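Enquirer: Sequence:
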Amino acid sequence: MQLCNQKSAANVAGASRASRAQSSVCRPMAAAATEQVTASTTAAEPLMMRALRGDAVERPPVWMMRQAGRYMKVYQDLCKKHTTFRERSENVDLAVEISLQPWLAFKPDGVILFSDILTPLTGMNIPFDITAGKGPVIAEPIRTMEQVKQVTKLDAEGACPFVGESLRILRKEVNNEAAVLGFVGAPFTLATYIVEGGSSKSFAHIKKMAFANPEILHALLDKLADNVADYVRYQADAGAQVVQIFDSWASHLSPQDFDVFSGPYIRKVIDSVKKTHPSLPIILYISGSGGLLERMAAANPDIISIDQSVDIVDGIKRVGSGFAIQGNMDPGVLFGSKDVIEARVMDTIRRAKSQGVRHIMNLGHGVLPGTPEENVAHYFEVARTAHERL
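Per the UniProt record's numbering, the sequence shown starts with residue 1, numbered consecutively.
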């Protein structure tokens, strides 16, 4: 497969921005009976939605975590003009353009919103910034009960209307040719940034709070869980057809502490969302999740995203066949030859298929900076034609 011309992709994105002056609405998912309609009428349901429902599909849907962004030249060129991450993620036209860049180039089966897990924090009275070379910065970390009391209930439409508008536009632009995904941070992972004041290697402040003043951490996590659930609902109502929960730092907890400080709050988010949006597919991803798979299952997501530290067959056996599985190719494989990439993609698909589960082909982690775009193109080409190779 030839990599799509980046200038052409950028021109298409620019043209789509110009067309957005017209009002856009979320397209309802078409019923299965309408899947044979022509392109001039309502599009059929995306492959991902049919696969997750358990319909017979010829191949697993495919996308990549962090598929929009830093490895793409068209994104790097855009960053030269729009230099801050928050501008790129909080300006509707830019967020939509960046979200569509990999879709225009590679046609994945999922288009995920370009955003950040910290985006809703400003709506909780927690100011933050994202700086080049340092990442997230929270100037006033929350470490006392009085500070926790100042955390407010999230009004997502008031605090981050650009998220809802971006999702609505993406649904219109993608037109059910792919599923549109939203995402949120899990309560514990959000709390690590809020308590540490940014990224951390040791997580000393939040661990000190967990073991010396657990009541403060629980009060914070409880508020975050309520707000995250509301944020998931907001994204779904705006057009997200699937939402992924990232608990990126939960593996820094021991399994027994995960049961206290993370798992129950993920379960609270999911249970709350399912009361109002019972059919919304929710993915749970934890980096380095090998020791936590059974606990991920206990949180009751619809899809468990397995990272590359876990053998996919062993992972499926550990969580059971009641969940769809996402993953789990090592993103480093994308630095290899086309033969290596093809072999690893097909091995992942075959091994998941052997267990009879619903499967979303993905990486075990986000795509790495410096990954050759032609190799990403080959990854998608192999996955899209997997039914011809099985």
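Source of the hints: derived by calculation from the structure; they are not laboratory data.
Any given hint could turn out to be false.
Said to hold, decoys possible - Here are the in silico distance ranges between beta carbons for each label pair:
| id | residue 1 | residue 2 | range |
| --- | --- | --- | --- |
| 1 | ASP257 | THR152 | 20 to 30 Å |
| 2 | ASP129 | THR385 | 11 to 21 Å |
| 3 | ALA298 | ASP55 | 23 to 33 Å |
| 4 | LYS274 | LYS317 | 35 to 45 Å |
The model shown is predicted, which means the values in this text are computed figures rather than measured ones.
Just so it is clear, CB atoms sit at the ideal spot from N, CA and C, and this is done for glycine as well.
Enquirer: The structure should be examined with respect to each hint, and the outcome stated for every one.
Expert: Right, here's what the structure says about each hint:
1. ASP257 <-> THR152: 20 to 30 Å: The hinted range 20 to 30 Å holds for ASP257 and THR152, with Cβ atoms some 28 Å apart.
2. ASP129 <-> THR385: 11 to 21 Å: This hint is violated: roughly 43 Å between Cβ atoms.
3. ALA298 <-> ASP55: 23 to 33 Å: holds (27 Å)
4. LYS274 <-> LYS317: 35 to 45 Å: The hint (35 to 45 Å, Cβ to Cβ) is violated, given that LYS274 and LYS317 are roughly 26 Å apart.
In terms of the numbered hints stated before, the structure departs from hints 2, 4, listed from lowest to highest.
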